[in-house]
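Peer 1: Chain by chain, the residues:
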Amino acid sequence: MKDILFLAWSYLIYYRGRTAVIVASLTLVVFLPLTVQVLVHYYEAVLARRAQETPMVIGAPGSSYDLVLNSLYFKGRSLPTLPMETVYDLRDTDLATPIPMHVRHTAGGFPVVGTSPEYFQFRHLEVKRGRFPTMLGEVVLGANAAERLQAAPGDTILTDDRNLYDLTSDYPLSMRVVGILEAAKTADDDAIFTDVKTTWVIGGIGHGHKKSDDMTAPSKFRAVGEDATIMSSAVVEYQRITRENLDTFHFHGSLGELPLTAVIAVPSDNKAATILKGRLNVNEDRQLVEPRQVVASMMDIVLVIQRFLNTIFGVVLVSTLLLLALIIVLSVRIRESEFTTLRKIGCARTRLLAAPACELGLLMAAGLIFAGTLTGIALLYVTQFRPLL
Amino acid sequence: MEPTQAKVVLQDVRFSYREGNFSLEVPELKINAGEKVALTGPSGSGKTTLLHLAAGIFQPHRGAVWLDQFPISQKKPILRRRFRIRHIGMVFQELELLEYLTVKENLLLPYRLSPELRPDKLARTRAHELARHAGIESTLDRYPAQLSQGERQRVAICRAVITKPRIIFADEPTGNLDPATSGQCVALLRDRGEGAEPTLMMVTHDRSLTDGFDRVIELDQSFMTMNKASVG
Numbered sequence: 001m002k003d004i005l006f007l008a009w010s011y012l013i014y015y016r017g018r019t020a021v022i023v024a025s026l027t028l029v030v031f032l033p034l035t036v037q038v039l040v041h042y043y044e045a046v047l048a049r050r051a052q053e054t055p056m057v058i059g060a061p062g063s064s065y066d067l068v069l070n071s072l073y074f075k076g077r078s079l080p081t082l083p084m085e086t087v088y089d090l091r092d093t094d095l096a097t098p099i100p101m102h103v104r105h106t107a108g109g110f111p112v113v114g115t116s117p118e119y120f121q122f123r124h125l126e127v128k129r130g131r132f133p134t135m136l137g138e139v140v141l142g143a144n145a146a147e148r149l150q151a152a153p154g155d156t157i158l159t160d161d162r163n164l165y166d167l168t169s170d171y172p173l174s175m176r177v178v179g180i181l182e183a184a185k186t187a188d189d190d191a192i193f194t195d196v197k198t199t200w201v202i203g204g205i206g207h208g209h210k211k212s213d214d215m216t217a218p219s220k221f222r223a224v225g226e227d228a229t230i231m232s233s234a235v236v237e238y239q240r241i242t243r244e245n246l247d248t249f250h251f252h253g254s255l256g257e258l259p260l261t262a263v264i265a266v267p268s269d270n271k272a273a274t275i276l277k278g279r280l281n282v283n284e285d286r287q288l289v290e291p292r293q294v295v296a297s298m299m300d301i302v303l304v305i306q307r308f309l310n311t312i313f314g315v316v317l318v319s320t321l322l323l324l325a326l327i328i329v330l331s332v333r334i335r336e337s338e339f340t341t342l343r344k345i346g347c348a349r350t351r352l353l354a355a356p357a358c359e360l361g362l363l364m365a366a367g368l369i370f371a372g373t374l375t376g377i378a379l380l381y382v383t384q385f386r387p388l389l
Numbered sequence: 001m002e003p004t005q006a007k008v009v010l011q012d013v014r015f016s017y018r019e020g021n022f023s024l025e026v027p028e029l030k031i032n033a034g035e036k037v038a039l040t041g042p043s044g045s046g047k048t049t050l051l052h053l054a055a056g057i058f059q060p061h062r063g064a065v066w067l068d069q070f071p072i073s074q075k076k077p078i079l080r081r082r083f084r085i086r087h088i089g090m091v092f093q094e095l096e097l098l099e100y101l102t103v104k105e106n107l108l109l110p111y112r113l114s115p116e117l118r119p120d121k122l123a124r125t126r127a128h129e130l131a132r133h134a135g136i137e138s139t140l141d142r143y144p145a146q147l148s149q150g151e152r153q154r155v156a157i158c159r160a161v162i163t164k165p166r167i168i169f170a171d172e173p174t175g176n177l178d179p180a181t182s183g184q185c186v187a188l189l190r191d192r193g194e195g196a197e198p199t200l201m202m203v204t205h206d207r208s209l210t211d212g213f214d215r216v217i218e219l220d221q222s223f224m225t226m227n228k229a230s231v232g
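These protein sequence lines are chains A and B, in that order. For what it's worth, my numbering labels the leading residue of the first sequence as 1, then goes sequentially. For what it's worth, my numbering labels the leading residue of the second sequence as 1, then goes sequentially.
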């Protein structure tokens, strides 16, 4: 066997160009379906795990997929909002613990998640360095976000401009980093967490500026009415929240009316969950979804696409194998005189057949090994460097 | 039929191809141990066919072939092949070196093809000795495509003798080589003075290469005539 392996190896090495082409083809036709299969299973598992850990999400009417993607994975389109009152109402029922979510802004390319301290307990998130936010304008960074932004407690980060060319848009808010979270291998690693009020300040719903008592110049008032005073642009708003100017930050209107993108509801028990579903399903201005069901429905769509891709890959695989068979037939024909010589010398028929079979085996093994390695690298890359979810 | 002490014996052999009307009849041919016999004759006279019959590559329709008292024509193909690789050296008209093996590995090829032989250190030493004797030592790590025709031929001859065969069959081993190189190649086959010299049966159409041979057998169309009496 060792000698046959040697002959087969020598042949493949001598015709290395041809060998490389065949191995590359085999690698490709195995790598593509294998990687799709492995990554789909990986994402399915990741999606399902987080979905199963999140019993219910309440949002404004709209796409349940967008609601789940935004509130669980901080991805997807901007959601229609529902009022903060939803949290207060839910809390009053004693049926569930409400966790407000406001995911609309970004800083350094990472989503800024406005929430409450309950979120960290709910997701079992621990601080690796520093502490959790306790004051307006403070943030705690997910592990990946901290690493990518090269940020540490004490640093400040700016929110991203939503539209650079819109002069009327909100100015970026400088936020103080007070902590870094332990890596959780979830979407939380790629997010920046803060109090929900801070996200309202980022969105311009809340702001801080010098008190009007200090301002004597009439030029600082654009209009003065019975209900409101509109200040001119001469009044500079604070773009950084500090202990000194904290008291000047305020929100116009009732807090209950301020927007949230979602509310995570953690029912106290199954009975509470059933009652909650019954109550909210008849409410037209809100929707309640169970992420587990939504993700299962999303995966059904993904699996249909995967089946379609598998069919294509199957056709490509068959074509490649047919081409490989053709190459082998032509190769055997070209090498007929070589085989005749070996037979005349006295080579046994089994050894004569074993050499090209061994070559084929080595080619296929190389293709499989390369494909497996590439798939492993792809999976490693996705899990270590690009968790996505 | 009783075998004699002759190394190669063909007795009442008849062979014909399935297609065409060529047939070869050999009433009797005996070649003694260490004897060097040249087979000559015009193209199509059956020189190569006779060599293949004698080497056990072809199976005769009638009669028997004995090689070193081994009734090769009566054995199954697997036993014939096993005998050939162990005890017979073959040089072909077409050089038939494996292009993907170096010269050294081509020389050691019989060792790799037989489960009974091992390409051990002794075999490698022998490959080096043979290559030095044949003047191709500097080419051992090169591939056949990098060799001249004469060098390739010498590699083929060295490969045929590396296992110290009892009998060597050579089919037009000089091919299209120039006369000087042809002479060197034939001398390499003929004059391997290593104790018990092997029996040599060589096919050639060039009468000038038969000098130094013990016997020259001239084949005529479809039957054998011998210019010397058969020995045995």
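Simulated from the structure, these hints should not be mistaken for laboratory data. Every value quoted in this text rests on a predicted model; they were computed, and no experiment measured them. Backbone N, C-alpha and C define an ideal beta-carbon position, used for all residues, glycine too. Honestly, I wouldn't trust all of these hints.
In the DSS-like style, the derived pairs of lysine-lysine whose C-alpha atoms are separated by at most 25 Å in a straight line are [stated by the list, open to error]:
| # | chain 1 | residue 1 | chain 2 | residue 2 |
| --- | --- | --- | --- | --- |
| 1 | B | Lys75 | B | Lys164 |
| 2 | A | Lys2 | B | Lys104 |
| 3 | B | Lys164 | B | Lys104 |
| 4 | A | Lys2 | B | Lys30 |
| 5 | B | Lys121 | B | Lys104 |
| 6 | A | Lys2 | B | Lys164 |
| 7 | B | Lys164 | B | Lys76 |
| 8 | B | Lys76 | B | Lys121 |
| 9 | B | Lys121 | B | Lys30 |
Where chain B lies over chain A, by a calculated footprint (3+ residues, C-beta under 8 Å) [as the list claims (entries may be wrong)]:
| # | stretch |
| --- | --- |
| 10 | 8 to 18 |
| 11 | 308 to 318 |
Peer 1: Look at each hint and say if it fits the structure.
Peer 2: How the hints compare with the structure:
Using a Cα cut-off of 25 Å, the hinted pair Lys75 of chain B and Lys164 of chain B holds, with the two alpha carbons roughly 23 Å apart. Under the criterion of a C-alpha separation no larger than 25 Å, the hint pairing Lys2 of chain A with Lys104 of chain B is consistent with the structure, at around 17 Å. Between Lys164 of chain B and Lys104 of chain B, the direct Cα distance comes to roughly 17 Å. Compliance with the 25 Å bound is thereby established for this hinted pair. For the proposed pair Lys2 of chain A and Lys30 of chain B, the alpha carbon gap of about 40 Å is over 25 Å, so the pair is violated.
For the hint linking Lys121 of chain B to Lys104 of chain B, the alpha-carbon distance of about 13 Å falls within 25 Å, and the restraint holds. Taking the CA atoms of Lys2 of chain A and Lys164 of chain B, the gap is near 23 Å; set against the 25 Å cutoff, the hint holds. Of the supplied pair hints, the one linking Lys164 of chain B and Lys76 of chain B holds, its CA atoms being roughly 24 Å apart against a limit of 25 Å. Between Lys76 of chain B and Lys121 of chain B the CA atoms are separated by roughly 32 Å; this puts the pair beyond 25 Å, and the hint is violated.
The hinted pair formed by Lys121 of chain B and Lys30 of chain B fails the criterion: a straight-line CA distance of about 37 Å is larger than 25 Å. Look at the stretch 8 to 18 of chain A against chain B: 5 of its residues bring a Cβ nearer than 8 Å to a Cβ of that chain, three or more, so the hint holds. Given as covered by chain B, the stretch 308 to 318 of chain A fails the check, having 0 residues with a CB less than 8 Å from a CB of that chain where 3 are the minimum.
In summary, the structure is inconsistent with hints 4, 8, 9, 11 from the numbered list given earlier, while agreeing with the others.
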